[in-house]
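S.K.: Sequence:
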Amino acid sequence: MKILISADMEGATGVTWPGDVLPGTPQWERCRTLFTSDVNAAVLGFLDGGADDVLINEAHWSMRNLLLEQLDDRAQLLTGRHKTLSMVEGVQHGDVDAIAFIGYHTGAGTEGVLAHTYLANSVTGVWLNGARASEGLLNAHVVAEYGVPVVLVTGDDLTCRDADGYAPDARKVAVKDYVSRYAAVCRTPARTAADIRSAAREATALAVRYEPVDGGPFTIELEFDAEHLAGAATVVPGVVGSGERRVAYTTGTMYDGIRTFKAVTTIVSAAVEEQYG
Numbered sequence: 017m018k019i020l021i022s023a024d025m026e027g028a029t030g031v032t033w034p035g036d037v038l039p040g041t042p043q044w045e046r047c048r049t050l051f052t053s054d055v056n057a058a059v060l061g062f063l064d065g066g067a068d069d070v071l072i073n074e075a076h077w078s079m080r081n082l083l084l085e086q087l088d089d090r091a092q093l094l095t096g097r098h099k100t101l102s103m104v105e106g107v108q109h110g111d112v113d114a115i116a117f118i119g120y121h122t123g124a125g126t127e128g129v130l131a132h133t134y135l136a137n138s139v140t141g142v143w144l145n146g147a148r149a150s151e152g153l154l155n156a157h158v159v160a161e162y163g164v165p166v167v168l169v170t171g172d173d174l175t176c177r178d179a180d181g182y183a184p185d186a187r188k189v190a191v192k193d194y195v196s197r198y199a200a201v202c203r204t205p206a207r208t209a210a211d212i213r214s215a216a217r218e219a220t221a222l223a224v225r226y227e228p229v230d231g232g233p234f235t236i237e238l239e240f241d242a243e244h245l246a247g248a249a250t251v252v253p254g255v256v257g258s259g260e261r262r263v264a265y266t267t268g269t270m271y272d273g274i275r276t277f278k279a280v281t282t283i284v285s286a287a288v289e290e291q292y293g
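Per our numbering, residue 17 is the first one in the sequence shown, and the count goes up by one each step.
FYI, nobody ran anything at the bench for these hints, they're computed from the structure.
Hints may contain errors.
[To be verified] Derived DSSO-like pairs (lysine-lysine); straight-line CA-CA distance at most 27 Å:
1. Lys18 to Lys188
2. Lys99 to Lys278
3. Lys18 to Lys99
[Said to hold, decoys possible] Per label pair, the in silico range of CB-to-CB distance:
4. Gly146 to Arg275: 19 to 25 Å
5. Tyr292 to Asp68: 51 to 57 Å
6. Asp180 to Gly40: 34 to 40 Å
7. Thr41 to Gly66: 36 to 42 Å
8. Gly231 to Thr100: 15 to 21 Å
9. Val201 to Gly231: 35 to 41 Å
10. Gly254 to Gln92: 34 to 40 Å
11. Thr282 to Asp193: 29 to 35 Å
12. Gln92 to Gly40: 23 to 29 Å
Positions of the beta carbon are idealized from the N, C-alpha and C atoms, including for glycine.
Use the sequences and the hints to build the structure in full.
M.R.: And the structure:
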């Protein structure tokens, strides 16, 4: 049994504000240990439950945040950027039985600690076939095309509620409760590690592949905080303006959908000016 962990940082234990997740800052250095603790707890739980192989895919910012030296020796870490499927890289090879979303968060334009979708700012909303979409929802549709179930989700309490919509059977662990975008009531690392390990052990029983889901076509719409960003996004083939600050595109698969999404957000990020956005 092989488990893939997609590890993001905004939903990690103790993380509540930008400095906690911005590479190179003192708080990021501190929170790397908390983030690694959450991920390692999931690793231990899956191994407790009978998994033979756990691959961790770094999914935050530079994708070089986890502390390899603190992970269980039985796990492997995929670290670094420029991966075919970004946050869920590894699921496409046909040997993954289940995936866990560790340290996830809610989507842009919604309530939640450090809520965003791919870009920390600039994107004010994302919709998938008309429904508000978080990174969790987008990635859940990607892995469904490979018949891989989402069996565990951790983050704040609103992230767990969001996951009820795209992975109703998955185990959920709230490591903190939302107060504002930059504030939360946090559990201690010892408590969250125990909770995550226990949930991962239970989640192992859900690691059963199913027939790949062909859920397309998919129409993805993005809204930005400035009109020129929508214009920049239309450089990507197939992406068209759908409003003053909106663009949309349609794909037959979420494999193509998430790759186009990554292209759009990369171009938009490069079009942001320091002072005026």
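S.K.: Taking the hints in turn, state whether each one holds.
M.R.: A quick look at each hint next to the structure:
A threshold of 27 Å between alpha carbons decides the hint, and for Lys18 with Lys188 the separation of about 20 Å falls inside it, so the pair holds. Between the alpha carbons of Lys99 and Lys278 the distance comes to roughly 11 Å, so the proposed pair stays at or under 27 Å and holds. Simply put, Lys18 and Lys99 have alpha-carbon atoms about 20 Å apart, close enough for the 27 Å limit, and the pair holds. Taking the beta carbon of each, Gly146 and Arg275 are about 21 Å apart, inside 19 to 25 Å as hinted.
Between Tyr292 and Asp68 the beta carbon distance is about 52 Å. The supplied range of 51 to 57 Å therefore holds. Range check, Asp180 to Gly40: about 35 Å between beta-carbon atoms, so the 34 to 40 Å window is met. Between Thr41 and Gly66 the CB atoms are about 39 Å apart, so this pair conforms to the stated range of 36 to 42 Å. Distance hint check: the CB atoms of Gly231 and Thr100 are about 20 Å apart, consistent with the given range 15 to 21 Å.
Here the CB-CB span from Val201 to Gly231 is close to 36 Å, well matched to the stated 35 to 41 Å. Under the hint 34 to 40 Å, the C-beta atoms of Gly254 and Gln92, about 35 Å apart, fit the expected range. The beta-carbon spacing between Thr282 and Asp193, approximately 33 Å, falls within the hinted interval of 29 to 35 Å. A C-beta distance of roughly 26 Å is found between Gln92 and Gly40, which places it inside the suggested range of 23 to 29 Å.
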